[in-house]
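Trainee: Protein sequence lines correspond, in order, to chains A and B.
For the first sequence, this note's numbering begins at 1208 and goes up steadily by one.
For the second sequence, this note's numbering begins at 7 and goes up steadily by one.
Take the hints with a grain of salt, since some may be wrong.
[To be verified] Below 30 Å or equal to it, Euclidean Cα-Cα: the simulated DSS-like pairs (lysine-lysine) are:
hint	chain 1	residue 1	chain 2	residue 2
1	A	K1369	B	K126
2	B	K70	B	K187
3	B	K205	A	K1369
4	B	K193	B	K126
5	A	K1369	A	K1476
6	B	K187	B	K205
7	B	K132	A	K1369
8	B	K122	B	K132
9	B	K221	B	K133
By construction, these hints were calculated from the structure, which means they are not laboratory data.
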Amino acid sequence: MEEIFISTFARSLAFGTILLWGALGAVLSERSGVVNLGMEGMMILGALAGFAVMQTSGNALLAIAAAALVGALAAGLHAFVSITLKANQFVSGLALTMLGLGLSGVLGKRFEGLPLFTQLENISVPGLSSIPILGKAVFTDQNPLTYAGILVGILLWVVLFKTRVGIQIRSIGENPAAADALGVNVVLTRYVCTMLGGALAGIGGAFLSVAYRPSWTEGMTGGLGWVAVSIAIFAAWNPLGAIGGALFFGGLYHLQFRLQESINPALLKMMPYLSVILALALGALRRKSRGTAPAALGLPYQRGQR
Amino acid sequence: MIAAPLVEMLGITKSFPGVVANDSVNLELRAGEVLALLGENGAGKSSLMNVLYGLYRPDAGLIKVAGREVSIRSPLAAIGLGIGFVAQHPLLVRRHTVAENIALGMRGSFWNPVPKVRSKIFELSKKYGLEVNPDAPVWSLSAGEQQRVDILKALARGAKVLILDEPTSVLTPQEAEELFKVLRRMKLEGEGVILITHKLDEVMAVADRITVLRKGKVVGSLETSQTNPTDLAALMIGRQLEPVRASAVQVGASVLRLENVSALSDRGVPAIENISLEVCAGEVLGVAGVAGNGQRELIEVITGLRGVTAGLVMLEQTNLTNVNARVAADAGVAHIPEDRLQMGVVGNLSVAENLALRGFETPVFSNGQFLEPAAFESFAQKAVAEYEIATPNTQTPVRLLSGGNIQKVIFARELSTNPKLIVAAHPTYGLDAGATAQMQRLLLERAAAGAAVLLVSEDLDEVLALSTRVAVLFDGRLMGVVKRDAATREGIGLLMAGRELVTV
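Start from the sequences and build out the full structure, keeping to the hints where you can.
Mentor: See the structure below:
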């Protein structure tokens, strides 16, 4: 029993890492008031960039940096359209998703089916891995990017809620006019948050193509970007909640593999999406009286306009 | 030696496509004084102050702060020069605490500056008499408290000059008096205050000097002690304006009757509780109270936009409890809504179409399934002439009209069917003096002709001038109904703040 629990937890965490990086990116971007539905596009571009660099150079650090850069640049495009040009953020984000899927398909053709000669090896954290149960479930034989993702989540929480910059970011997401009137640079802050969010999403993609399933196939993110977006909502835009949400949805994906002998796999495939809808509905009911979405989410800011 | 004025604005000109908002305006603010910037809507007060706060760049002119010529390119630059701005609607993050709002954008430490800011808040609160709890979330504060937070925000940044934009429009008379006390404390500390307003009694009460703007130009700069409200009004409007006041009316039979009505707000909490009141033909019942004390829900219950949880809404012999808006309108309820653009008109439809919104299904405007454009047009022509609606033509989208003209379109439409009951919510809010007088006169004319009028307004002077009786709402409860002759500003103000009526 303990064995099953530990392995389920550990595998959920591994799969959840893809979702975690994407969800953290969405949390950061949306806390500043910019909706980014381009998560799927940024993740797949990150996945391709990460795989391509890893395949040619064999340097994992370089691969992750490339994925982050590509994710940030893609998000920068979304930022330009939605912050500077003040276009509809939802449409721009959707366009980014389609652009990312299409572009990665074209550019990725020559990487299809290639193997990776070096791997980003799993590691165990010395000391922490000997804690009973928890050590085995969390700190044993996981990818460095899994540990890093949890660390980044905690760090993001500290930044958002415990620092000066955090107040700025959250205030801009709630009421950019109030921040602007106090001389806080709304445009710059939103750009930085959106692009850093894109970088996190890109790393999530790279984890998929470099570590979790070391390969490149067209459309390999398979909708995970959308799940990441909904985890951000489900977690009420709290990075710590996003860690839990990623673990939960990672668990649902893992359950697919476990249950496929007894339940029709087509039904199981639907499960994550069904549970996204269910989780969002439950979350919405819980918060009906006190909405938690940043009040200015999705609204372009124009000085002097009510 | 005489110290240089805190602020001098010389020859400021600012134009927008089609309008000159400020035409070589001069303005001077000295240390230790309250300067009133008086003018109608669109006179250019706000754009002048936006120039001073770095939100607009002037086309011409220069600004001196403490005798030194400066260029103010952003709010940050203005804050750096010791200029603070308190907007009409507080610019606060509602979900954050008071301290977080004040800490927002402060330089210095990497970590959350809230602990440091808290002690600063206590210090400033004591110095200026601005009491507020630093740890309270802003959404839980009253309008007056939110305004204090906005003022504290400016003071915590070392403001020597404070600009207040229509600060009393959201306050009870008592809260306004509290604010004036704070302003007097600031004067003693040698700070300067610019008070943007169009309320004359306020100017007389608190200002040392007055600069009057009309159509973008300064038409007078005077000492308060050398002038009086009548002269100021003439200067501000450019002509004499008769004050509108209700004359004695013949009150007829009961038209609207509410019996023990309770209803919930949008958030599902009780918004009005156990309200019983009556409005008779020929009568104007004024409802006073700070916004958010159940006025909106009361109006919506009567106009068929909100269901009740208990009680009865009767229009003469018709039961209007829990009916929809169409039934209420057909029964004879006219509704002048609070939010003109959102609820009063369809912005992208033409003036003519908006005027016909109430009756477009009736035989005059439609013939079976098809609309009759000619009927729309002739009705619109008549309304435009009768209500003096300033519009290029009847096909102009209504959103392009000014606030006053949009309100005239709404009045023309709502009054066209000779309603038995007129429910008017903040009918003159944000209108200039001319349009205000016209709307007020229309309501009184209709009352004199036998309609019952329920007037909800935050402007206590308006309520007292027009009403036969005044009802006060606080926290969803009816605090009392007072006959006009017995109503005083102070008495109503106490009721608005939730004190029970003490009968002597």
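Trainee: Are the Cα atoms of K221(B) and K133(B) separated by 30 Å or less?
Mentor: Outside the cut-off at roughly 39 Å; violated.
Trainee: Could you grab the alpha-carbon distance between K205(B) and K1369(A) and see if it respects the 30 Å cut-off?
Mentor: violated (44 Å)
Trainee: Measure nothing beyond the straight line between the CA atoms of K193(B) and K126(B); if it is 30 Å or shorter, mark the hint as holding.
Mentor: holds (20 Å)
Trainee: Within a Cα-Cα threshold of 30 Å, do K1369(A) and K1476(A) meet the stated pairing?
Mentor: violated (40 Å)
Trainee: Given the proposed pairing of K122(B) with K132(B), does the C-alpha separation stay at or below 30 Å?
Mentor: This hinted pair holds, its Cα atoms lying about 16 Å apart.
Trainee: So if I understand the rule, the pair passes when the alpha-carbon distance is 30 Å or less; does K70(B) with K187(B) pass?
Mentor: holds (28 Å)
Trainee: Does K205(B) lie within 30 Å of K187(B) when you go C-alpha to C-alpha?
Mentor: holds (18 Å)
Trainee: Would you mind confirming whether the straight-line C-alpha gap from K132(B) to K1369(A) stays at or under 30 Å?
Mentor: At roughly 28 Å apart (the allowed maximum being 30 Å), K1369(A) and K132(B) satisfy the hint.
Trainee: Regarding the pair K1369(A) and K126(B), is the alpha-carbon distance no greater than 30 Å?
Mentor: holds (19 Å)
Violated hints for the displayed structure, listed by number in ascending order: 3, 5, 9.
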